[in-house]
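Student: If you want the building blocks of each chain, they are given just below.
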Amino acid sequence: MSEKPVMGITGTSRGIGRFLAEYYTQRDWIVMGCSRSDNDFVHESYHHENINITQEDEVIRWIRNGYKKFGRIDTMINNAGTARMNHSLLTPCKTIDLVMDLNVKGTMLVCREVGKIMIRQHFGRIINFSSIAVTLALEGESVYVASKAAIENYSRVLARELAQWNITVNVIAPLPIKTDLIKEVPEEKLQGLLERMVIKRYGTFEDISNVLNFFLSPNSSAITGQIITLGGW
Amino acid sequence: MKDIKKQIEKMVIDSFSVILEEFDSIMPISKRTRIYGGDSPLDSTAVVSMVVDLEMKLADEIGFLISLSDDRAMSQKRSPFRDVESMVDYILVLYQEHKNE
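So the sequence lines, in the order shown, correspond to chains A and B.
Every number in the numbering used here is 10 more than the matching position in the first sequence, counting from 1.
Every number in the numbering used here is 1180 more than the matching position in the second sequence, counting from 1.
Mixed in with the good hints there might be a few duds.
Stated by the list, open to error - Each pair of labels, with its calculated beta carbon distance range:
| id | chain 1 | residue 1 | chain 2 | residue 2 | range |
| --- | --- | --- | --- | --- | --- |
| 1 | B | K1185 | A | R37 | 32 to 42 Å |
| 2 | B | D1223 | A | K79 | 45 to 55 Å |
| 3 | B | D1183 | A | G235 | 42 to 52 Å |
| 4 | A | N75 | B | D1194 | 17 to 27 Å |
| 5 | B | I1209 | A | E194 | 17 to 27 Å |
| 6 | A | N96 | B | Q1187 | 44 to 54 Å |
| 7 | B | Q1276 | A | D50 | 51 to 61 Å |
Source of the hints: derived by calculation from the structure; they are not laboratory data.
Ideal Cβ placement from N, Cα and C applies to all residues, glycine included.
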């Protein structure tokens, strides 16, 4: 069994996921990353697999192989996700399927499989990603907001179901960060969004790692089912 | 075919025994022993633990990666979680399908 703690991160090919893979490998974690596309990040503690988390068999294989290889999975960060901008009444069916599949089904499949490992270990930390768009009920992102709202409530239920095995489940809801996720959003819309937030600025990767470190702290064993929204309520 | 059925049956019984021990419940296990419902001492949480243990055994011992919370498992008239025999039969069907893929 690995002496170092092991963390799974989904969606590590770019953006927040890539940052987190680099950040935690530099802090003595073994990181099991995954994404649909290739990842050119190279580090002795980083182990990548190309999988699609909406495919049940691929998720099962990724998690079980990781557990077999390292003998433990302490933490799972469900970062992978996608966003599409459409007025509710002009949202194509394919867009609904795409967003719900990745953001909801993919996250649930990973939680289900890693939860099984964590039950065996009698320990685990699961962190799921929501968005400040949920708090703001952001116009033009109805499917994305609905998918993330689903994750918030799913995480609360999961927190209750897994608590007896010393597993915590929490949610981070980031403010807008300049990544591919929002590259298609017009600047004026982003400015309007910032105006509605309590903290009126773009987020940074370090805003994310700060909250994750809080959830991961050994002192946070009583913190579960919580949603921390960056940018303020 | 007989060998693999025996292997699967042993894994089911082993996983069942481990969970029963955790419940301080010692009882003889036969093909007809109820896993869930009826006179089984296991609650739904214990069944979850048993399923997790069994899935790991299937992966480790015969290289069969499977989620037993398959849609069919949840919709069958005779639940695979009912007794040892139904669980073994259900896994055997999934295993044969997997082999034929």
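Student: Now, for every hint given, state plainly whether the structure supports it.
Tutor: To see whether the hints hold, each was checked on the structure:
Against the hinted window of 32 to 42 Å, the Cβ-Cβ separation of B:K1185 and A:R37 comes to about 48 Å, which falls outside the hint. At roughly 33 Å, the beta carbons of B:D1223 and A:K79 sit outside the given window of 45 to 55 Å. Between B:D1183 and A:G235, the C-beta spacing of about 46 Å keeps the proposed range 42 to 52 Å intact. Between A:N75 and B:D1194, the C-beta spacing of about 23 Å keeps the proposed range 17 to 27 Å intact.
A hinted range of 17 to 27 Å for the beta carbons of B:I1209 and A:E194 is inconsistent with their spacing of about 58 Å. Checked against the hint of 44 to 54 Å, the C-beta distance between A:N96 and B:Q1187 comes to roughly 52 Å, which is consistent with it. Hint check: B:Q1276 to A:D50, Cβ distance near 41 Å, so the stated range 51 to 61 Å is violated.
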